[in-house]
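Chemist: Protein chains in written order, with our numbering: chain S, 1 to 206; chain A, 207 to 412; chain W, 413 to 618; chain P, 619 to 824; chain E, 825 to 1030; chain H, 1031 to 1236.
It cannot be assumed that every hint is accurate.
Claimed, not checked - Between beta-carbon pairs, the in silico distance windows are:
#, chain 1, residue 1, chain 2, residue 2, range
1, W, SER494, H, ASN1199, 38 to 44 Å
2, W, GLU490, H, ALA1172, 25 to 31 Å
3, H, ALA1172, W, ASN485, 33 to 39 Å
4, H, ALA1078, W, GLU471, 40 to 46 Å
To be verified - No more than 16 Å apart at the CA atoms, straight line, and that leaves these computed lysine to aspartate or glutamate pairs for EDC-like:
#, chain 1, residue 1, chain 2, residue 2
5, S, LYS46, P, ASP717
6, H, LYS1036, H, GLU1062
7, H, LYS1076, A, ASP282
8, A, LYS252, W, ASP480
9, H, LYS1076, A, GLU290
10, W, LYS458, H, GLU1062
Source of the hints: derived by calculation from the structure; they are not laboratory data. The structure presented is a predicted model; accordingly, all values stated were derived computationally and were not measured. Even for Gly, the Cβ is constructed at its ideal location relative to N, Cα and C.
Now for the letters of each chain:
There are 6 protein chains.
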Amino acid sequence: MVFANKVVLAVGAHPDDIELGSGGTIYKAVQEGALVIALYMTRGGKTADTDLRMRESTESMNILGVKDVFFENFPDTEIPESFEAINCLEQYALKHKPDIILTHSINDTHQDHRKVGWLAMSAFRNVPKVLAFESPRVRSAAFLPTYFVNITGYVDKKWEALSCHVSQNEKRYLAYESMVNLASFRGSQVGVGAAEAFEIVKYVES
Amino acid sequence: MVFANKVVLAVGAHPDDIELGSGGTIYKAVQEGALVIALYMTRGGKTADTDLRMRESTESMNILGVKDVFFENFPDTEIPESFEAINCLEQYALKHKPDIILTHSINDTHQDHRKVGWLAMSAFRNVPKVLAFESPRVRSAAFLPTYFVNITGYVDKKWEALSCHVSQNEKRYLAYESMVNLASFRGSQVGVGAAEAFEIVKYVES
Amino acid sequence: MVFANKVVLAVGAHPDDIELGSGGTIYKAVQEGALVIALYMTRGGKTADTDLRMRESTESMNILGVKDVFFENFPDTEIPESFEAINCLEQYALKHKPDIILTHSINDTHQDHRKVGWLAMSAFRNVPKVLAFESPRVRSAAFLPTYFVNITGYVDKKWEALSCHVSQNEKRYLAYESMVNLASFRGSQVGVGAAEAFEIVKYVES
Amino acid sequence: MVFANKVVLAVGAHPDDIELGSGGTIYKAVQEGALVIALYMTRGGKTADTDLRMRESTESMNILGVKDVFFENFPDTEIPESFEAINCLEQYALKHKPDIILTHSINDTHQDHRKVGWLAMSAFRNVPKVLAFESPRVRSAAFLPTYFVNITGYVDKKWEALSCHVSQNEKRYLAYESMVNLASFRGSQVGVGAAEAFEIVKYVES
Amino acid sequence: MVFANKVVLAVGAHPDDIELGSGGTIYKAVQEGALVIALYMTRGGKTADTDLRMRESTESMNILGVKDVFFENFPDTEIPESFEAINCLEQYALKHKPDIILTHSINDTHQDHRKVGWLAMSAFRNVPKVLAFESPRVRSAAFLPTYFVNITGYVDKKWEALSCHVSQNEKRYLAYESMVNLASFRGSQVGVGAAEAFEIVKYVES
Amino acid sequence: MVFANKVVLAVGAHPDDIELGSGGTIYKAVQEGALVIALYMTRGGKTADTDLRMRESTESMNILGVKDVFFENFPDTEIPESFEAINCLEQYALKHKPDIILTHSINDTHQDHRKVGWLAMSAFRNVPKVLAFESPRVRSAAFLPTYFVNITGYVDKKWEALSCHVSQNEKRYLAYESMVNLASFRGSQVGVGAAEAFEIVKYVES
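Using the sequences and the hints, build the whole thing.
Modeler: Here it is in C-alpha cells:
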C-alpha cells in the first residue's frame, strides 16, 4: 500500500506517454487511495489536432481515476531544456506537494522524452521519490529498471485507458498485444503476472 | 545470412538452457546453412534423472536441426570456475573451430549460468564472436542486450523444441506464453515481430 | 510504513555487519510492525572469540527489537560460493517467507561480503525485495545506492546497538562519529536528516 | 559479407569525421557490394574554406568508392539538437532506406559529435543497425566499443582517403602513424591485424 | 605534493560552487605552491545581488589564497551549451595554461552544473588533468568519484571560506555540519580523516 | 614527480604480466626515485620451465631498475580466491608499506588476472593508491582506464625488459609492434606520445 494517502504527480511529454509508461501503476495508486495528478508538457500537435489529443488523454486519465489533468503548451518535438520549463515543473511541485513523481527516463531515444527526464531531475530535487517509466522508445542499450510495480489485475484497465487514443491508433506500440507483452515480460523478470518497470532517479523511504 | 557456412558452438549450463536462450537463433542458423554444435556442461541431475534430461535435450536440439549434442558431467549447481572446466571448453574450440559462441551471461543470478559465462570468456578468447544469451534468471538490474536476432517465423519451432523438456514442465518460464512474451518484447524493442537478445562479449565482423 | 506486517530477513557475513549496514532501518521496521530475522553466516572467529561475538550480536539485535537471531558456521574470511551456502539461505527463505532481504552488496572489497551478496542473489530469487546495504568496505568506485531509508530519530538507537560490539572497538568505523557522518551524508543526498543507503538487487512493489 | 547488397548511410559532423571513424569499414562495405552514402552535417567552415573542405571530402569518399556524398549546412561547432536537424536525418532515412548507419558516439568530447550521436538516435529509430564510430575525441572514460570490423588489408586505402584532407594536415590525429596505431590497437583487442571499433546503438540481425 | 608549481584553474557555475566542491583542495594546492585561478561562469543573480555575490566569492577565494578571481556573465540557471561558452573557457586555457582543471560533473541534477561539466569537456581537451568535483546536487545514482584529495587539517579553512557567503546562508548544505559530514564521509571511504572526492574526466601523470 | 620517494608494489599473476602492463611506469618511477618491488603470484609453469621464467622476469625487472623481485608459488591458471592468497598479499603490504599498488584489473578475460585483481582489492584496502594495469587480455567491453602515465621516452626501455622473455616469444602481444601500438594509442587518447593506462581501484592524493 505504498500509494495510500500519497500525492502522485505524473509528467509526460505528450498525450499518451503517461498512460503507456505507468497506466497500471496510476490505476493501482488511485485504488489504494492516492491523489494522482497528470501533466502533459505538450499537446501533441505533431501527430493530431491538439484539442482532440487533449480530450483523448483526459478521457484516458479519467478512466484510470485521475481527475486533475493538466496540459502545458511546450512545442511538440522541441521541448526545451530551459529554465522556463524547469520553473514550470517546480510550480507544480510547490502547489501540489507530490510524494512521488512518475516521468520519462533520460535514457530514451525520443528527444522530448529525455528532455523531460532531465527537466524533472532539476525541478523535483526536493521530492522524495522520482521514478522514470518505460516508454516504447527507451534505449534498449541503456534503460535498466530496478523498481517494478505489480499491476496484475490492472492490465485490462490500462488497455481501456490506452484505447482512448483513437487518433494514434496506427502506432504499433499502442496495440493490445504490445501492452500485454511488455507487462508480462516485466512481470516475469520479478516473478509476478504483470508489472510496470521504472528506473529510480531517487527513492527515499520515509 | 550472417550464419551461412559458419560453425556455431552453443554452450549451456543445463539441459534446456541453450534452447531457452537461443533456440530461435539456432534454428535460424541451421536454416541459413550453419553447422551448430550444442554442449551442456552438466546433465541436470538436480531436477530430474540425467538420462532423461539428456534424451530430452538431444531431442530438443534435433528438432532445431542440431545433430552434434554433447554433455559434460560437471556437477549441477556447482559448476567450478576451474582450469579443468576452461580447458574442457578450449578443447571444443580447438576441435570444432567455431566462428560464433552462444552462451550464458555473467550477469545472471544462477551461479552455474554466470560461472559458464566466465569460463567461456576465458576459454573462447580466440573466437571472433561470443554472444551471451538471456536466461530466465538474468539479473534485471544488469543484463543489457545490444545484439538482437530476428526470429520472426521461428517462434513455433522454438516452442516445439522447448516442449521436449517434459521433466521440467513445472518451471513457469517453460510455458508457451512466457516464451512468446519474451520474444515479442525483445522484438518490439528493435521493431521486429520476435527476437532473441544477446549481450556482446566480443564481436568481430570479418 | 513500507515495513508494516512484513517479514524482513537480514543476512550478514559477520557479527556486526547487519547492524552497521542497516541497524537504523531494522529498528524502524520493528517500530512499524515488521518481524525481523537476523542471520550471520559466520561467527566472526577471526577477530575474537566466537561465543563472545555471538553474544554481542544477539544483544545488539535485541536492542533493535530483533528476537530471532541465527548464526551459521561458515568459515570467517572464507565463506564459500557453494551450493551448500546457497541452499542454507534458501532454507531460511522457505521457512520464514521473507518479503524483504537486507544483505551485502556484490560491490564490496571484503571477500566475505561480496560472496554473501552473490549467494543472496542466487538464493533469494523468489523474494520480492532484495536490498544491499552499505558496509564500511563497499567499493567507492562501484557502490551506487538508489534506495534510501530515512532513519532520522533512530540514529541513537543504532549507536546503542553498535556499541554492544565491545570486542571490535578498535575498528575505526565502529566509532560514533563514523556512524553519524555516514548517516548524515546519506541523508543529505536525499534531503533528510539521516539515512541508510541501499543498492537495489530487485524491488517489486506489490 | 555482412555488407553485401546493403545500404549504408554514414553521417558525420564535419568533413573528415566519417573517413577517420569508419573509412576502412566503408571501403570494405563497398568491396562487398554495399551502396554507401555519406552525409556531412556541416561544411567545416571553422577550420578552412567550406568549398575546399567539401571538395576534399568528396574526393576522399570517392577514393573509398562512395559516389553519393551530401553536405548539409548546419553551423560548424554549433550543430543544434533541434527538430529541424532530426527531421533532416529522417528524410535521408526515408529516401535511402539504409540498413546500417555509421555515425558519431554520444560519448565524445566534441559538442558537434555528441549532438550528431543524439540526433541519429532520434532520427534512425527504424533502422535495424546503428553503429557509433570512434573519433579522435571520444571520451576515454566512457567509449566502450563492442563491435569491431576487421579492416586488415584496407588500412592503406583508408590512408589514401584521409590524405585528401590537405587543409587539415596540422591535426596530429590525421597522421599516418596515428591511423595505423589506432587500427592496430583495435585489431589487437580482437585478434586481427587491423580493425575499426564501434559502439552499438542498436543491432538487429535480420 | 602533486600541486607544487602547478597552475590550477577552477571553474564553477555560480559563486560558492568552487568553494563547496573543492575549497579544501584549493587551499592545499596553494599551500603546496600552486597558482590557483578561479572562474565563475555566472554572477549568481538568481539568489542575490550580483555585486554582493561577487564580493562574497572574491573574499572566500582570497581566504583560500586565490588572488585571481574571474566572473563571466552567462545567465544564472540558463548557462548555454554554446560555442561562445566553450570558446570563453578555451581562452582561459590558452592564457593561463592550466595543468589541472577543477570543475563540475556532468552527473549533476542542476542544469547549470552539468552544462559547465560538458563545456569543460569540450574546452579543456588539451589540459592533462580534468577533475569533476562533488556539488550538493550531484546525482546520487550516477556520481562515482575515484580520485580523493586528503584535506585533513584544511577543513576549518574551507569553512572560513564558505562562511563568506552570507547571502546564501539559508542553503542547508552551506552549514558547518554538512561540510564536515561530507568531508568525513569521503575521508572514511579512503582511510583518511577528511577528503574531497572527484570524478576523473581525464588524468595524465606526466 | 608523483613517484619520488614512494614505495611501489607491483603484483602480477605470471612472469611478464607486470612488465607488459606497467613496464614503462615502473621504469619512470625508478628514475624519479621510487623503490619498486615486484611480486609474481605464480612461476608461470604452464608455458615454460619455472626456473627459466623466474630468471627471465628477474632480468626483465632488473633492466627496469627493480632489485626486489619475489615469486610466490600459487598454481598457474588456478590462482585461488582464498584467504591464504589474500593474507599472502597483506603480508607484503605490512612489510613493505607500499604507497602505490600496480596490479591486474578485475575486468580481464584471464581467470588468473581477474582473481589477482580481486585479491588485491581485499588485501590492499589500506594502501592509498591502487591502480589496475592493462593486460593483453583485458575485456574490451569493460576495461575503462581513467589514469594514464606518460611514458614517452621510456618505450624502448620497456621493450628491452619485455624482450627478456625469450621463452614466451610466440605470444603475439610480446612483439615490439604490439607494445608500441598500445603505448601510442593510449598516448593519443590523452595527447602525449606514449602512455600506459590504468583503471583506478582507489586513489588518494595525500
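Chemist: Against each hint, give a clear statement of whether it holds in the structure.
Modeler: Hints and how they fare:
no. : hint                                 : verdict
1   : SER494(W) <-> ASN1199(H): 38 to 44 Å : holds (41 Å)
2   : GLU490(W) <-> ALA1172(H): 25 to 31 Å : holds (27 Å)
3   : ALA1172(H) <-> ASN485(W): 33 to 39 Å : holds (36 Å)
4   : ALA1078(H) <-> GLU471(W): 40 to 46 Å : violated (58 Å)
5   : LYS46(S) <-> ASP717(P)               : violated (27 Å)
6   : LYS1036(H) <-> GLU1062(H)            : holds (9 Å)
7   : LYS1076(H) <-> ASP282(A)             : violated (29 Å)
8   : LYS252(A) <-> ASP480(W)              : violated (31 Å)
9   : LYS1076(H) <-> GLU290(A)             : holds (13 Å)
10  : LYS458(W) <-> GLU1062(H)             : violated (40 Å)
Hint violations for this structure: numbers 4, 5, 7, 8 and 10, all remaining hints satisfied.
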